[in-house]
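Colleague: Given the structure of chain A, go ahead and fit chain B onto it with the hints provided.
Chain order of the listed sequences is A and B.
Counting from 1, position 278 in the first sequence corresponds to residue 278 in full-length UniProt numbering; the numbering is continuous, with no gaps.
Counting from 1, position 168 in the second sequence corresponds to residue 168 in full-length UniProt numbering; the numbering is continuous, with no gaps.
Just so you know, these hints were derived from the structure itself, not from any lab.
Treat the hints with care, since some could be wrong.
As the list claims (entries may be wrong) - List of simulated lysine-lysine pairs, BS3-like, C-alpha gap at most 27 Å:
#, chain 1, residue 1, chain 2, residue 2
1, B, Lys141, A, Lys64
2, B, Lys64, A, Lys64
3, B, Lys215, B, Lys286
4, A, Lys141, A, Lys64
5, B, Lys141, B, Lys64
6, A, Lys191, A, Lys137
7, A, Lys286, A, Lys213
8, A, Lys18, A, Lys286
9, B, Lys64, A, Lys141
To be verified - Quick look at which bits of chain B chain A covers, simulated, 3 or more residues with Cβ under 8 Å:
#, stretch
10, 39-45
11, 89-99
Claimed, not checked - Just the calculated beta-carbon pair ranges, DEER-fashion:
#, chain 1, residue 1, chain 2, residue 2, range
12, A, Pro326, B, Arg299, 37 to 45 Å
13, B, Ile266, A, Gly277, 57 to 65 Å
14, B, Ser252, A, Ala273, 57 to 65 Å
15, A, Thr219, B, Ala321, 56 to 64 Å
16, A, Arg53, B, Gly78, 39 to 47 Å
17, B, Ala321, A, Thr221, 55 to 63 Å
18, A, Thr301, B, Gly78, 55 to 63 Å
19, B, Arg42, A, Arg194, 38 to 46 Å
20, B, Asp60, A, Asp232, 44 to 52 Å
21, A, Lys191, B, Asp60, 38 to 46 Å
22, B, Ile253, A, Glu43, 26 to 34 Å
23, A, Gly328, B, Ser252, 34 to 42 Å
24, B, Phe55, A, Asn40, 20 to 28 Å
25, A, Asn40, B, Ala321, 35 to 43 Å
C-beta: ideal position from N, C-alpha, C; glycine also.
Number of protein chains: 2
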Amino acid sequence: MRSGFLIDCLQYANWSEKIFCQLREGGVDAIHVTIAYHENFRETVLNFEQWNRWFEQYPDLIMKGLWASDIERARETGRTAVFFGFQNPSPIEDDIGLVEIVHTLGARFMQLTYNNQSLLATGCYESEDTGLTRMGKQVVKEMNRVGLVVDMSHSADRSTIEAAEFSERPIAITHANPHDWSPALRNKRDKVIRAVTEHGGMLGFSVYPHHLKDKSACTLTSFCEMIARTADTYGVEHLGIGTDLCQDQPDSIVEWMRVGRWTKQIDYGEGSASAPGFPDMPDWFKDNRDFGNIEAGLRATGMNETEIAGIMGGNWHRFFAENFTPMGASHG
Amino acid sequence: MRSGFLIDCLQYANWSEKIFCQLREGGVDAIHVTIAYHENFRETVLNFEQWNRWFEQYPDLIMKGLWASDIERARETGRTAVFFGFQNPSPIEDDIGLVEIVHTLGARFMQLTYNNQSLLATGCYESEDTGLTRMGKQVVKEMNRVGLVVDMSHSADRSTIEAAEFSERPIAITHANPHDWSPALRNKRDKVIRAVTEHGGMLGFSVYPHHLKDKSACTLTSFCEMIARTADTYGVEHLGIGTDLCQDQPDSIVEWMRVGRWTKQIDYGEGSASAPGFPDMPDWFKDNRDFGNIEAGLRATGMNETEIAGIMGGNWHRFFAENFTPMGASHG
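Chain A with its partners taken away, still in its complex shape (with noise of 0.2 Å):
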C-alpha cells in the first residue's frame, strides 16, 4: 500500500462493478465524481439515489465521502470514497436553499458555471464574461457557510478570478492544466491559477486528451514535466490530480455534457465535426490502475517524495478536510 493518500478530484465514468475493482486495484483511496451536468435538483436527486444503491451493492469497494476522515476510513476497510459534485449549478435552480440541501445529501463540490452563462457568473465558452451575479455572490457565501466549494474548471477568466478574490474559503479548479503549457480553451491562464492558489485554493491535472498539449499523444514525460513546472511558479501545495476520467461512457454522452438541453443544434465543445465523440486516452492513463504511472513519471522529474505525495493526494486531503464543513465547526 503506498504510504500516502491517493485521490483522483474528478472523474465522470460509466460506473460499473468492473471500475470499482479497478479503483481498488489502483489503491484510489477517494474519487470526485460528477453527478450532474444539467440535471435539475429532482433529477440530480435521482443520481444520488443511483448511487445509494451502488453504496448498497458493493459495500466491500465503494462508500459515501462526506468529509475528509472517511477518506481514511476507506482506506482502513479497503475500499474507495466517493465525493460528489456538480459541474453545474442546475441542481440548484434559482433556489439558494438548495445549497444547504445539497450539501447534506453530500454534494462537496459545485461549477458556478459549465461552458455557458448561469445564473450566477460566466462560463469559458462565453464571448463576454460579466463576473459574478448578484445570485452568485448570494450562492458563493452560503457554499463557502455551509461547506460546498466552489469549482470554477469550466468557468471563463474574470468569473474566476472574481470568485477566488470574493470567496471567504479557497476555490479550486478540479480539472484543468495551465493554459500556457497546451493553449485549449478549457485550460487556465497564469492569472487565472495564480488567483485561485493565492487564496489558497487547488488546481488538479486533468488527463482529458484535449486538455494535453499534442492531445492523446502526449507523453508521460511531458505532462510530469508540465507538473513540475506549475509546482515551481504556483507551489507545490496547490497541486492535485483530476483526471475527468470518462471511461466506458458511449459517444453520447458526450453529447449530453456539451449541448444538455439548452440548445437544438450540435456544438462540439472541445472536438469537432470529423472527431465528435470522446478522444481516446494517453497510452500511460486508461483507467484507475494506471496512477502508478504518473506517480513515476513524477519521481523522474525529480521531485522528491513529499512533493509527490502532495500531488497524489495529500493536497487534496488537506483541502478537503478544510473546506468540506459547515463554517466554524468540525467534523473530524
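Modeller: Showing chain B alone in chain A's frame:
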C-alpha cells in the same frame, strides 16, 4: 431542570420565535414536527429549507435532531432538538429511492397514509381497508433498512395491524388515544394498540380536542386516568406524549390538512360544517409551557416517578435510539 427527558412526539405549530421561546420555558428537550401533509418531494424540500433558516436564525433555542444523542446535546446546550416527520407518504411520490434521500435530509417518521388510501396503505377515513399494498411492503422494508419509522396515526385498522406485523422494526402511532376512552374515528381500537405495542411499538397520547373525551372540555384527571389504564393494559414502556399541538395556526391550515389537493369539495374531517376550524385546546394544555400539568396529573393517578419519566420522554428517547439509525449501524 427535570431529571428525565421531555419529548413531544407530534406538533404542527405555526412556528415563530415566540413558540421556540415557549419550548425553552417549558423545558422541552425534543419535538417531532410534521413538515408534510400533502406536499410532493420538491415542496417538502422547501419545508426542510425553511427549517434550515430557522436553525440558522435561532441557534440558541433550537437545533436539528437526527439521532437520539442529539437530545442529550440539546439538553446540555439549553436547546430543543427538532426531529422531522411526514403525515403522508406524498414526499416520496412513487419513488422508493426517496426513502433514503428523505432520511438523509433528516426525516425520522413517515405515516403510510393520511386519512385516505395512499400508494402504500389505507387511511382511517376510507370505507374499505385493503392493508399494505405491493409498494407499501417494499417501502416498509426500505424504511426499516434506513431508519425511517413507520407511523400509522391516520391509518385504518387492518393496514396498521399488517404494518406492525410486517415491519422488521417497531412502528409508532405518534398521536392518538384509545378508542374505548373516546370513540373518535382517529382513536385506536384495542386490537390495533395491541398489535403495535406487542411488536415493540409506541403510542403517543394526543391532546387535540377531537381525540379527547368531551373534547375541549376534557378534564386533566380524565386524560391522565386514561393514560394510567392504558399503561396497565399494554405496558407503560410503550407509551409517550404526542400532543398534536397546532398552536397559532389559522383555520385555513386545518382545511389544507383535510383537503389538500385531493378534492374540490370541503371535507370537515373530525370537524363539522358548524365547527370547521381548529377546536379550542383544553385549559390545562394550551402550549409548550403546560407539560408540567400532565406530569402532575399522572402523579395524581398514583403512577411512580420512573413510569412518569418514561411517559414524559424516556420511552421516546429509547425508541429514537433504537430506530433512527440504519439497520446494523450505530450513531450513538
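Colleague: Any hints from earlier that this structure breaks? Give me their numbers in increasing order, please.
Modeller: Going through the list in order, the structure violates no hint and respects every one.
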